[in-house]
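*Asks:* Chains as they are written, first to last, in my numbering: chain A, 1 to 302; chain B, 1 to 386; chain C, 1 to 90.
The hints are simulated quantities; they were obtained by calculation from the structure and are not laboratory data.
With beta-carbon atoms standing in for the labels, derived distance ranges:
1. A:Gly153 - C:Lys2: 52 to 62 angstroms
2. B:Glu45 - A:Lys38: 25 to 35 angstroms
3. A:Gly245 - C:Asn23: 37 to 47 angstroms
The model shown is predicted, which means the values in this text are computed figures rather than measured ones.
Built from N, CA and C at the ideal position, the CB exists for glycine as well.
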Amino acid sequence: MAIKEIPTEEYYLPGSAACPGCPATMALRIVFKAIGKKMIMIVPACCTAVIESLHPNTSFNIPTMNIAFEAAAAGASGVEAALRKQGKDDITVVAWAGDGGTYDIGIQALSGALERNTNFIYICYNNQIYSNTGIQRSGATPKYAAWTTTTVGGKTEYRKEMGEIIQAHHIPYAAQACISYPEDLYKKIKKAKEIKGPKYIEIMAPCPPGWRFGMEKTVEMGTLSVETGAWALYEYENDEIKFNGISKLLLEEKINPKPIEDWIKFQGRFRHLFIPKKDVKKLKEIQDHTNLIWKRYRKCYL
Amino acid sequence: MNNVMIDTGNYIAAKAAVMTQPDVVAAYPITPQTTLVEGIAKYHETGEFKGEYICVESEHSAMAACIGASATGVRTFTGTSSHGLLLMHEMLHWAALARLPVIMCNINRVVGPGWNIWADENDSISQRDTGWIQFYCSSNQEIFDTIIQSFKLGEHEKVSLPVMINYNAFILSHTSMPVHIPTQKEINDFLPKRKPLWNLDINNPITFGNIILPPEYEKVRKEMQESQENAKKLIKEISKEWKNKFGRYHGDLLELYECEDAEYILLSMGAIGAESKVAINNLRKKGLKIGLARVRTFRPFPKEEILKISKNSDLIVIDRNISIGMEGALFSEIKASLYGKSDSKVYGFISGLGGKDVTFQDIEKMCEKVINGKANDLEWYGLEGV
Amino acid sequence: MKKYNVKTTISYPMKGATGKTGNWRVFRPILNKEKCVKCLRCWIFCPEATVIRKDDDSIDIDYDYCKGCGICANVCKIKAITMKREGIEK
Ligand SMILES: Cc1ncc(C[n+]2csc(CCOP(=O)(O)OP(=O)(O)O)c2C)c(N)n1
Ligand code: SF4
Ligand code: SF4
Ligand code: SF4
Ligand SMILES: [Mg+2]
Numbered sequence: 001m002a003i004k005e006i007p008t009e010e011y012y013l014p015g016s017a018a019c020p021g022c023p024a025t026m027a028l029r030i031v032f033k034a035i036g037k038k039m040i041m042i043v044p045a046c047c048t049a050v051i052e053s054l055h056p057n058t059s060f061n062i063p064t065m066n067i068a069f070e071a072a073a074a075g076a077s078g079v080e081a082a083l084r085k086q087g088k089d090d091i092t093v094v095a096w097a098g099d100g101g102t103y104d105i106g107i108q109a110l111s112g113a114l115e116r117n118t119n120f121i122y123i124c125y126n127n128q129i130y131s132n133t134g135i136q137r138s139g140a141t142p143k144y145a146a147w148t149t150t151t152v153g154g155k156t157e158y159r160k161e162m163g164e165i166i167q168a169h170h171i172p173y174a175a176q177a178c179i180s181y182p183e184d185l186y187k188k189i190k191k192a193k194e195i196k197g198p199k200y201i202e203i204m205a206p207c208p209p210g211w212r213f214g215m216e217k218t219v220e221m222g223t224l225s226v227e228t229g230a231w232a233l234y235e236y237e238n239d240e241i242k243f244n245g246i247s248k249l250l251l252e253e254k255i256n257p258k259p260i261e262d263w264i265k266f267q268g269r270f271r272h273l274f275i276p277k278k279d280v281k282k283l284k285e286i287q288d289h290t291n292l293i294w295k296r297y298r299k300c301y302l
Numbered sequence: 001m002n003n004v005m006i007d008t009g010n011y012i013a014a015k016a017a018v019m020t021q022p023d024v025v026a027a028y029p030i031t032p033q034t035t036l037v038e039g040i041a042k043y044h045e046t047g048e049f050k051g052e053y054i055c056v057e058s059e060h061s062a063m064a065a066c067i068g069a070s071a072t073g074v075r076t077f078t079g080t081s082s083h084g085l086l087l088m089h090e091m092l093h094w095a096a097l098a099r100l101p102v103i104m105c106n107i108n109r110v111v112g113p114g115w116n117i118w119a120d121e122n123d124s125i126s127q128r129d130t131g132w133i134q135f136y137c138s139s140n141q142e143i144f145d146t147i148i149q150s151f152k153l154g155e156h157e158k159v160s161l162p163v164m165i166n167y168n169a170f171i172l173s174h175t176s177m178p179v180h181i182p183t184q185k186e187i188n189d190f191l192p193k194r195k196p197l198w199n200l201d202i203n204n205p206i207t208f209g210n211i212i213l214p215p216e217y218e219k220v221r222k223e224m225q226e227s228q229e230n231a232k233k234l235i236k237e238i239s240k241e242w243k244n245k246f247g248r249y250h251g252d253l254l255e256l257y258e259c260e261d262a263e264y265i266l267l268s269m270g271a272i273g274a275e276s277k278v279a280i281n282n283l284r285k286k287g288l289k290i291g292l293a294r295v296r297t298f299r300p301f302p303k304e305e306i307l308k309i310s311k312n313s314d315l316i317v318i319d320r321n322i323s324i325g326m327e328g329a330l331f332s333e334i335k336a337s338l339y340g341k342s343d344s345k346v347y348g349f350i351s352g353l354g355g356k357d358v359t360f361q362d363i364e365k366m367c368e369k370v371i372n373g374k375a376n377d378l379e380w381y382g383l384e385g386v
Numbered sequence: 001m002k003k004y005n006v007k008t009t010i011s012y013p014m015k016g017a018t019g020k021t022g023n024w025r026v027f028r029p030i031l032n033k034e035k036c037v038k039c040l041r042c043w044i045f046c047p048e049a050t051v052i053r054k055d056d057d058s059i060d061i062d063y064d065y066c067k068g069c070g071i072c073a074n075v076c077k078i079k080a081i082t083m084k085r086e087g088i089e090k
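Just chain A, same shape as in the assembly (with noise of 0.2 angstroms):
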């Protein structure tokens, strides 16, 4: 599909809160477009309820409910309910998190409203870290990735796989994107939308805070995420994966990744890989992680 297909129509208003750059409302631009306005959005504690702007004021032509930080999917399951006692299933409940209230403390809530077959979709924004708090780790952190608290070294646990977590509770559509692709991301929302049940999609969302990169770079960062297979495009129908774009280039080794260096390296919090002098081992010991899940994504998706 091509840009112009996207339609012009917008529900989320310029002048809001959100830093110069930011990858969230990229995303939900696409989010909005692609559902339109008959959608009911709940959002936990995250950069969104601050993207909102101030009361009595909101960015958002879409209702909006904002909700504790690890409730998003349980506050969605009751909406979702109540639509449907009163008769108003064309409308699409969307559950709009951060990865933090995704992968650590919203998982329960999550996993709970998969299982029970709610017919939503769950979009997580995948800034790989608590930028509202002021930047700290979260489960999807990269290991090295260094956050406000951190000492020198970063984090020194890998990151979790969230996409396999979410596929162990068999729903229907599940998918990643990237702000990067907005066709992608496009193609998918739209699909999501006209299946019943629960839909999971992440995104991932470089933050130009978050990640200390310059806030004319974010498009960059997602597309290097993508080239280097430090992230993944795919769709998960029916109990099987198709990745797709570059990602599916990838697994096929129709391309081969570029270095994971080539997007780490404009990311200040990897300042520490390379100053005062580039740390060989731990740029080999990241990059030998992510050929060893790709080895193991070819073993599963090929």
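Given the coordinates of chain A, work out where chains B and C with the ligands should sit on it, guided by the hints.
*Replies:* Just chains B and C with the ligands now, with coordinates in the frame of chain A:
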């Protein structure tokens, strides 16, 4: 047409909840609430309950789901107890600040550790400041009637707050009593459909709960306080209306018993409140001028009513809870209600924690200790006998 | 828009809910209409919805709210948008 149902507090509560025709029920099991949820599930199976039933994975999610559902404008109900209530704590504030009239039964049970499933009111007392209206019941009939009344109260445009109906573990939740059940039509006539003050609506895309600055937030709190004040008036009106329609009256904010000429008035809540009536009868037989003011609502707190009854009486308070580092919560609130306006003495007893039985004999002993001038300001009754 | 008569945190949609965010800008995106091939990349990637797509797929920039992030200039493959420091060059 009155139909009598003999059943436990929980099954009676399930019956009442279903008769209010809620659109969404979301609940998670915990002893001693389980039979309440089972009851509703059974009505769901038989088709008597036509709403959506969400089997959530925790109480936190139960309350979050009720909040989400209620925000679309529909009627919601849930039930919990003890640790379940405590897990909901964050969402209790959320429901009240959002002005969503979620109605919930809480079966008062001990908070662990050690695990103990018997009656104790520390669970709900510790939720005192969440903005919820709190009722305490002393019979299964009162449970039934209060649930129906609570929907009318909580959903009233001048209140629009969540309501918690509390009753003691096992003493009520698992004890069968005969209860008069009105017809569905009578309940429908009494309880109008909910008219929400706000709701999530695709034709009116508001954002609920974004960032709010201090002056506006303060106004939200103030309006909640005013709504609790409104509730005081409405509780009286609604209990009167119920009495006229169904001939039953359990009191309003307080239930007064033998108070007219009383030199001493005993104040207690929940199951101890029921046991207190027997004690008062016995003490009266002994010639003591004593009455009972059973506290039905802990929030809003009946401070004007308590001040009024204190004019000619000293007060004796029994708490099945303790605010550690201070005293029984009811005792504190009562003294605060009298402060600077009454010379009455107030005596407080802590009794029945951890589910320990508090019999009418115990209650008589506590009262006699006060009347005989042997009681200190705060007493732990029954630790080593009075 | 229906206003609800209840004091809780209810907010109503508004352009510029955080004010004229164009004031945040340090660099200003300048569009060269002649160069533009209407590919709409700048439109779809603008995080602030301040690249305005017109009926003929030509674009405009809403300087009242454009935060000057530079993404539009960066994603334009033919460099039809350039970033100029505010106030110095025009
Ligand atoms: C129960 C609870 N604990 C902690 C917080 C503080 N808190 C608010 S947002 C947040 C992090 C959000 O991270 P994420 O979900 O990744 O969203 P982001 O801010 O990155 O958009 C935290 C820790 C909270 N609001 N509630
Ligand atoms: S911190 Fe990141 S995600 Fe949050 S508003 Fe800023 S750019 Fe967006
Ligand atoms: S500079 Fe940024 S905010 Fe301004 S129009 Fe370009 S992309 Fe949008
Ligand atoms: S990205 Fe460049 S060429 Fe494409 S529409 Fe924008 S200005 Fe025109
Ligand atoms: Mg995050």
